[in-house]
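Protein chains: 2
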Amino acid sequence: MIDRRSMLAGAAALAATPAFAAKPKPLDPTFPKGFLWGAATAGHQVEGNNTNSDQWLLENVTPTITGAPSGDAVNSFEMWREDLDLAQSIGLNAYRFSLEWARIEPEPGMFSQAMLNHYKAIIDGCRVRGLAPVVTFNHYTTPRWFAAMGGWTHAQAPELFAKFCDRAMRHMGAGIAVAMTLNEPNLARLLPLVMPPQFLDGLRANLAAAARAANVQRFMVANTVPPEDVPAVTTGMIRGHRLARAAIKAIRPDLPVGFSFAMADDQAATKDSMRDAMRQKLYGDWLDVAREDDFVAIQNYERILWGPKGRLPAPEGGMRNFRGAEVYPPSLAGAVRYAHEATGKPVIITEHGVGTDDDTLRVRLIRESLPPLRQAMADGVPVLGYIHWSLMDNYEWGAGIGHGAFGLASVDPVTFARKAKPSAGVLGAIAKANSL
Amino acid sequence: MIDRRSMLAGAAALAATPAFAAKPKPLDPTFPKGFLWGAATAGHQVEGNNTNSDQWLLENVTPTITGAPSGDAVNSFEMWREDLDLAQSIGLNAYRFSLEWARIEPEPGMFSQAMLNHYKAIIDGCRVRGLAPVVTFNHYTTPRWFAAMGGWTHAQAPELFAKFCDRAMRHMGAGIAVAMTLNEPNLARLLPLVMPPQFLDGLRANLAAAARAANVQRFMVANTVPPEDVPAVTTGMIRGHRLARAAIKAIRPDLPVGFSFAMADDQAATKDSMRDAMRQKLYGDWLDVAREDDFVAIQNYERILWGPKGRLPAPEGGMRNFRGAEVYPPSLAGAVRYAHEATGKPVIITEHGVGTDDDTLRVRLIRESLPPLRQAMADGVPVLGYIHWSLMDNYEWGAGIGHGAFGLASVDPVTFARKAKPSAGVLGAIAKANSL
Chain A
1 MIDRRSMLAG AAALAATPAF AAKPKPLDPT FPKGFLWGAA TAGHQVEGNN
51 TNSDQWLLEN VTPTITGAPS GDAVNSFEMW REDLDLAQSI GLNAYRFSLE
101 WARIEPEPGM FSQAMLNHYK AIIDGCRVRG LAPVVTFNHY TTPRWFAAMG
151 GWTHAQAPEL FAKFCDRAMR HMGAGIAVAM TLNEPNLARL LPLVMPPQFL
201 DGLRANLAAA ARAANVQRFM VANTVPPEDV PAVTTGMIRG HRLARAAIKA
251 IRPDLPVGFS FAMADDQAAT KDSMRDAMRQ KLYGDWLDVA REDDFVAIQN
301 YERILWGPKG RLPAPEGGMR NFRGAEVYPP SLAGAVRYAH EATGKPVIIT
351 EHGVGTDDDT LRVRLIRESL PPLRQAMADG VPVLGYIHWS LMDNYEWGAG
401 IGHGAFGLAS VDPVTFARKA KPSAGVLGAI AKANSL
Chain B
1 MIDRRSMLAG AAALAATPAF AAKPKPLDPT FPKGFLWGAA TAGHQVEGNN
51 TNSDQWLLEN VTPTITGAPS GDAVNSFEMW REDLDLAQSI GLNAYRFSLE
101 WARIEPEPGM FSQAMLNHYK AIIDGCRVRG LAPVVTFNHY TTPRWFAAMG
151 GWTHAQAPEL FAKFCDRAMR HMGAGIAVAM TLNEPNLARL LPLVMPPQFL
201 DGLRANLAAA ARAANVQRFM VANTVPPEDV PAVTTGMIRG HRLARAAIKA
251 IRPDLPVGFS FAMADDQAAT KDSMRDAMRQ KLYGDWLDVA REDDFVAIQN
301 YERILWGPKG RLPAPEGGMR NFRGAEVYPP SLAGAVRYAH EATGKPVIIT
351 EHGVGTDDDT LRVRLIRESL PPLRQAMADG VPVLGYIHWS LMDNYEWGAG
401 IGHGAFGLAS VDPVTFARKA KPSAGVLGAI AKANSL
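Residue numbers (my numbering), protein chains in the order written: chain A, 1 to 436; chain B, 1 to 436.
Honestly, I wouldn't trust all of these hints.
No distinction is drawn between identical chains; accordingly, a pair holds when it is met within one copy or between any pair of copies.
[Unchecked claim] Taking lysine-lysine and the DSBU-like style, the derived pairs with C-alpha atoms no more than 35 Å apart in a straight line are:
#1 K271 - K421
#2 K249 - K120
#3 K163 - K419
#4 K33 - K120
#5 K249 - K432
#6 K163 - K120
#7 K249 - K419
#8 K25 - K419
#9 K419 - K120
#10 K120 - K421
#11 K271 - K163
#12 K309 - K120
#13 K271 - K120
#14 K419 - K309
Quick caveat, the hints were computed from the structure, so don't treat them as lab data.
Sequences and hints are given; from them, build the entire structure.
Structure, rendered in C-alpha cells:
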C-alpha cells in the first residue's frame, strides 16, 4: 500500500536529485522501488448496462450526440475477476478503476449494501493479485437522479458527493491504495478546443431531450458541459472535491487523495504564444486545488502547439490516432513536468494511451514516451506511477465500442473474453523489470 | 430434461389410474419417476437493483403503495451460483427462476448480449447441478420503457413480448426444461378481493406519479392493474402469451410451454354459493388459454370459502400467515384438482408456500399439503412437479424484505449469505426420497 508518508518521503528523495547536472549522465533505466505500473478502466466504459446513470439516458434519447450507446460495454460488471486476472497476467502492480455512484446510491439516500460489497470485492481482488487499487470515486457519470436535480450546479451537490464518498470509504476504504475524487473535472474547458462548433448545439439539444424524458427543468452531466454552465459546474466540483477529500481523509488520514487533470503538453510555438494564458484558463483553478492535495494526477493524450492567437496545426507526418490527431510520445513527460512545476506535488500518470486499431502504434507510444518520462524523473520530477489507458478495449465516449479503442487487450463481442495484445507484453515487461 | 412427449405419456399413464377405486387403498407415498421437486424465485424479488424495471420506478416515486423498495432484494443478480448451490444442497431437482426483460432488452430493440449470456449461464449452472430449469419468461416486471408506452394495453405489446421470447429462446432455449410465459396474469382479478378498498385509489395515484416521472400519459404495470384497465390488459396478455408460446415452440417444438395461475382452492360454503360464478370470473378466460397449452401451472396460497354473496371468513383457529390469513394445507390439492378438471391438462405446481417468521408453520404446510396432493394424483390427476415458493427469503411485493418471508432459507442482510431453514430439510428429504 502507498500511504501518504512514504509518498511524501519518496517525493522528497526524488526532489533531492539535482535538476541540472553539469554534464548529461546516461539515463538510469530503472524506476524507483514501488513505482506503480498499472492500467485503468472507468465504470461506465467497461461495466455495461449502467442504466441508472445520467449517461445512459443521454445515450438513449433523441437527439443524442453520444454516438453508439454504451450498452453492454465490455461486461466488466460481471467479469471484473477476469479484468483483474488480465492485469495481473500482464505483470502490472496497480489497477485503476472507478466506483459507479449510480449503482451504490441508486436513489437519493438509498445506499446499496450489495453494490458496496461488489466494489469492496474488487478492491480485495486487487490485493489478492498484488495490484494496488487506484480508485476513482467518480469517473464522469453520476446517478440519473443527480443529473435530474441539476447535477453539479445544485447547491447540495458537493455535500451529496461527499456523503457518497463517506459511505464508500467506511465500507471499503481500508483496502484502497490511492484515492481520486473526480476524473478530469477540467475537461469542459478543453471541449470547445477539440470538438467542432456544432457539437455544443447538439449537446444542448441532447441535454434538453434528457430533461424532457426525466420531466425536469435541467439535466446536467459532468463530462459534457455547455460553456455557459462551466463556471457553476466548476464551482460545484471544486467544493465537491474538497468535501470529498475531507470525507476520505476523515476515515483514512494516511490515504493519498487527489483528482485527475485532462492535461495536454502545451507548447509555446512562437515567442508571443498564448500558451501561458491558455494554461491558466484550462488548468488554473484546478491547479490551485491540486496544491492542497497529496499528488497531482495527469491524463495526457496529446500536445498542443499554441501560437499567438490559438492552436497551431501539428507538423505533418508522425503517428496519428484513429481520429487523425497527432500522437506525440514526449507529450507525456512535457505534461508531467508542467504539472509538477505548477503544483510542487508528486505526479501520478493516471491515463496515457492511444485510440488506434494498430497496436504497433501503442507499442511505439509506450516505448517512446517512457524514456522522456524517466528523464524528467532524473531531472527531479517526482513521479509515483504510470497507469495506461486502458486495460482493454471499451466504450469510448462518442465513439462506441471497438473501433479505435485504447486497450492493451481486445474483447470478444459475444463472449467478452479478454485477449492481451502485443502492447500488453511490452508494457508488462517494463513493469516486471521496473526498468526501461 | 422433461420434453413434451414424456410429459404427455406421463399424463396418459396417470390418467389411466382409476379415479375412484371401489375401496380406498392405502396411499402409495412414492411419487412418479421424474417428478419435479423444486423451489422458485422471481427476478425482481431476488436479483436486486432492478433499476430499469417498471416496479423500481413505482417503488421510488411519491406516492407509492409498494411499501419498502426492493433495493438489493437478496443480490441474486450477483449470487445466483450460491442460489443454485443452495437448491442442489437441499436435494431438489428443479429450480424455477425468471428472466428480467428489463435487463435483456434495456431499451426498445436493444438486446443485451451480456444479459443473454447471464441467464444462459444460470440455465447451464442448473444443468451442471442436476436442476431442471423451469424458466418464467416474464414474472410481472417489465422494462420501464414498456410500462411507459402503456404496458400490455399498447397495441404492439404482444409482438414486443414475443420478440423478446424469441431472442431469449435463440440464445438459451436449448437448456430449458419447462417454459412459462407469464406469471399469474389473472392476478388483477383477485386483487380487489384481497386488498383493502383504499388500495385501488393508492394504486392509481402511484401509477400517475410514475407517469409524471417518466413524462408519459400512462404508466401501466402488469401485477397491479386498476379494475378499469383489466380487460385491456388481459386482452394484451392473452395475445402476448399466444404469440410468445408460438415463438418458443418455433425454436423448441418439444418444450412444454404454459403460464401460471394465481389460484385459490375455491370452496362452495353453501348450496347457493357463488363459487362457480367466481371461478369463471377469476380464471375463466385464462382456463380457455390453458387448454391450448402443454400444462396448467398453479400457484396456490389459500382457500376461499364462497357464500351466496361473497367470501366468507375462514374458521377460527388453525394456521395463520404473517398477515393473519388462514393457511390451509389441503388447499393445494383442491386447486390442483380443479385446474386439471377445468383444463384436462397435466398440472405443475409452480408456487406454494407461506409467508411467516415461524418456520415450523412452513414445515407443517409442506408435511400436511403433500399427502392430499399425492391422494389427488392417486385419484387420477396428473401432477408433474411441486415447486415451493420460495428458495429463500426475498423481496415480497408490498411488504419489503425479511419480515413474513417465504424462504426455505434465510439471507444475511449484510453479506447476503444464504442459510437453509429446517423446512428446507423437510422438503429436501421428501424430494431426495421422491416419497412422502
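Tested hints:
Within a single copy, K271 and K421 get their C-alpha atoms no closer than 43 Å, and across copies no closer than 80 Å, so neither meets the 35 Å cut-off. Taking the shortest Cα distances, K249 and K120 sit within 35 Å of each other inside one copy (18 Å), while across copies they are farther apart (44 Å). Only between protomers do K163 and K419 lie at most 35 Å apart by alpha-carbon distance; the minimum there is 33 Å, versus 38 Å within a single protomer. Taking the shortest Cα distances, K33 and K120 sit within 35 Å of each other inside one copy (27 Å), while across copies they are farther apart (46 Å).
Within a single copy, K249 and K432 get their C-alpha atoms as close as 32 Å, which meets the 35 Å cut-off; across copies the closest is 55 Å, which misses it. For a Cα distance limit of 35 Å, the shortest separation of K163 from K120 inside one copy, 17 Å, qualifies, whereas the shortest one across copies, 38 Å, does not. With identical chains, the CA atoms of K249 and K419 are never at most 35 Å apart, being 38 Å at best within one copy and 38 Å at best between copies. For the identical chains of this complex, K25 and K419 are neighbours neither inside a copy (40 Å) nor across copies (66 Å), given an alpha-carbon limit of 35 Å.
With identical chains, the CA atoms of K419 and K120 are at most 35 Å apart both within one copy (25 Å) and between copies (23 Å). Proximity of K120 to K421 under the C-alpha cut-off of 35 Å is found in both arrangements, the shortest distances being 29 Å within a copy and 29 Å between copies. Proximity of K271 and K163 under a CA criterion of 35 Å is satisfied in neither setting, with 48 Å inside one chain copy and 65 Å between copies. Within a single copy, K309 and K120 get their C-alpha atoms no closer than 49 Å, and across copies no closer than 59 Å, so neither meets the 35 Å cut-off.
For the identical chains of this complex, K271 and K120 are neighbours neither inside a copy (52 Å) nor across copies (64 Å), given an alpha-carbon limit of 35 Å. Taking identical chains as interchangeable, the C-alpha atoms of K419 and K309 are never at most 35 Å apart, the minima being 45 Å within one chain and 70 Å between chains.
Violated hints, listed in ascending order, are 1, 7, 8, 11, 12, 13, 14; each of the other numbered hints is respected by the structure.
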